Amino acid sequence: MIAPYQVAVAEQLDRWLQVLASITIPALIALRGVADEHRLREVSLAERLEEVRGFVRDPLKFGGHGAMAAGVLLLAATVNAVVLWDFLEGFGWPASITMLADAALVSVEVVLTAFVGRGIGALVLDRPGPFDLERRERQQTLAFTVVFGLVAAGLVLVLALARSSVLWALAGMAGAGLGTWLGVAAYEAKFHIQRDWLERKLVRQRRKRSKAEEVVERAMAFTRATGRWLRDESRRILTRGDQAFVRAYRDEHRHEDDVQVPTIPAIDLVDDDTIDRRLGLVS
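So the sequence shown is numbered by the working numbering: it starts at 52 and just counts up by one.
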């Protein structure tokens, strides 16, 4: 016959496991959901990367990928800065204001000419394949390229007329040409640039997924250890209860000869697999 204290310990263990499960199961579901979301993002990025890699064309005719593009950008900014600085200096502004105005106009001119170059590149490379444009896209690209080209040419012409110098006009055209080349090269290399960006993003996403999975594993390990600790503590309490029963029985019958302590039946507590199922650690 099972002793009352054994029943009490088993029932208390069951209640503690219920409390633990009510906390850990929702938490584990949430953590696994985060890990699954990161895993799906990683798969999506990997598929997109493979698709983009199929569009990469080598070698690039304009070299718009890597150090060469950065060098041309720096050269275009320098040429335009020199051209505009001579023009802005004539207004007699303080040096700091002149520098800010020069930087702003250089940025505008480089971006403007780069957009012109991008439009030219889109129209030149428009053929069946990754650079194919729809009819509406082709018309819009042509319109924007013409408008931006006229604005850029007008800006160079105004600066040349303001100083009445052919040399400055050639310098302005050189700066505009470099910006246009940069736009064409960047458009041709857009899949190279996108590939590099996706590769970096995929590496970061894999780290996020790995960290999320580590959090799930640590939470499961902590939950599993806590459930087993509760079971082991219950066993320890039962052992101490058995020892207390033996001492009490012998003390009660200390005046009797050949006292035989009744055998205390063993009580089965939940095993490891049952704990894992109750705490949501296994499906």
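No lab work stands behind these hints: they were computed from the structure.
It cannot be assumed that every hint is accurate.
In silico lysine-lysine, DSBU-like type, Cα no more than 35 Å apart, as pairs [to be verified]: (1) 241 to 252; (2) 262 to 252; (3) 259 to 241; (4) 241 to 262.
What follows is a list of derived Cβ distance ranges for each label pair [as the list claims (entries may be wrong)]: (5) 140 to 98: 51 to 61 Å; (6) 175 to 272: 29 to 39 Å; (7) 186 to 101: 50 to 60 Å; (8) 150 to 106: 33 to 43 Å.
Note that the coordinates shown come from a computational prediction; the quantities given were computed from them, not determined experimentally.
Idealized CB from N, CA, C, for every residue including glycine.
| query | Which hints from the list above does the structure break, by number from lowest to highest? | reply | As far as the earlier hints go, 6 and 7 are violated by this structure, in ascending order.
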